[in-house]
Amino acid sequence: MRTGAKKRPGRRAGPIRTCLGCRSRIPRGAGIRLVADPEGRLLPDLFGRLPGRGAWLCPDPSCILRALESGALRRALGAGLRPPALDELVSALRTAHQTRVRSILGAARAGGYLAAGHDAVRRRLNGEGLALVLIAPGAGEALRREMLELCQKRAVPMLEMAGELAISGRPDDRPLAVAGIVHRGLARSLRLRVDAWKRLLSSPENRGRRPAAAVDSTRSHRG
Numbered sequence: 245m246r247t248g249a250k251k252r253p254g255r256r257a258g259p260i261r262t263c264l265g266c267r268s269r270i271p272r273g274a275g276i277r278l279v280a281d282p283e284g285r286l287l288p289d290l291f292g293r294l295p296g297r298g299a300w301l302c303p304d305p306s307c308i309l310r311a312l313e314s315g316a317l318r319r320a321l322g323a324g325l326r327p328p329a330l331d332e333l334v335s336a337l338r339t340a341h342q343t344r345v346r347s348i349l350g351a352a353r354a355g356g357y358l359a360a361g362h363d364a365v366r367r368r369l370n371g372e373g374l375a376l377v378l379i380a381p382g383a384g385e386a387l388r389r390e391m392l393e394l395c396q397k398r399a400v401p402m403l404e405m406a407g408e409l410a411i412s413g414r415p416d417d418r419p420l421a422v423a424g425i426v427h428r429g430l431a432r433s434l435r436l437r438v439d440a441w442k443r444l445l446s447s448p449e450n451r452g453r454r455p456a457a458a459v460d461s462t463r464s465h466r467g
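In this text, residue positions in the sequence shown follow this note's numbering: the first is 245, and each later residue adds one.
To be clear, the hints were calculated from the coordinates, so they are not data collected in a lab.
Because the structure is a prediction, the values reported are computed rather than measured.
We put the beta carbon where it would ideally sit given N, CA and C, even for glycine.
Heads up, a few of these hints could be off.
Pair by pair, the computed Cβ-Cβ distance ranges are [unchecked claim]:
| no. | residue 1 | residue 2 | range |
| --- | --- | --- | --- |
| 1 | S314 | D363 | 24 to 32 Å |
| 2 | G382 | G322 | 38 to 46 Å |
| 3 | P328 | K397 | 44 to 52 Å |
| 4 | G284 | G373 | 45 to 53 Å |
| 5 | K397 | S314 | 47 to 55 Å |
| 6 | L309 | R285 | 16 to 24 Å |
| 7 | H362 | L309 | 26 to 34 Å |
| 8 | G273 | G355 | 12 to 20 Å |
| 9 | A274 | D363 | 29 to 37 Å |
| 10 | G384 | F291 | 29 to 37 Å |
| 11 | G355 | D417 | 12 to 20 Å |
| 12 | P419 | A329 | 29 to 37 Å |
| 13 | G355 | R319 | 36 to 44 Å |
| 14 | A410 | R367 | 15 to 23 Å |
Could you build the full structure based on these sequences and the hints that come with them?
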């Protein structure tokens, strides 16, 4: 008697998410999950903890607009849904992503996976290494050049933040100009969320113009 074929061991792919706006597949960890509360209000669920049926979207204003105008969100979440205007929803999603980014940075700090400030980042890049370097939008040009050269030398990606580099829980709560992440999993999560945050800052007319998530420091730099 023949038995069924043995399954090959390997990593499970997990559920496939499809954007309600553009109908494209969403990479794991890169989408936005929305749920409706009992009163029909839309709630962002970036932590994946809210109960109920969820609707998935790309972090792109044009996808959000299409899902609202086509009625796809209402069909997915129920006739009692009371969707807000596009500007209001995008603003709420930007705030949610900003909160999520700060949560990841806080987890890195609490776990000892954060190098905070210029001296700490330079020391790690010249020694034990980093998984990701974060640079604030307002960082000086000299600091940017120094960090880029060190990152290229060590093949470490450098990511420009979408907003200020603020890390809660530090003795000095002032925003940083540069920071580094040691943990690879946290670094990946940050890259996904900051990329989404940047896409949400674009306008619906800029559909398809995805901002670079990080500088590719593994390639040679000319100029």
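Looking back at the hints listed earlier, which ones does the structure fail to meet?
1, 7
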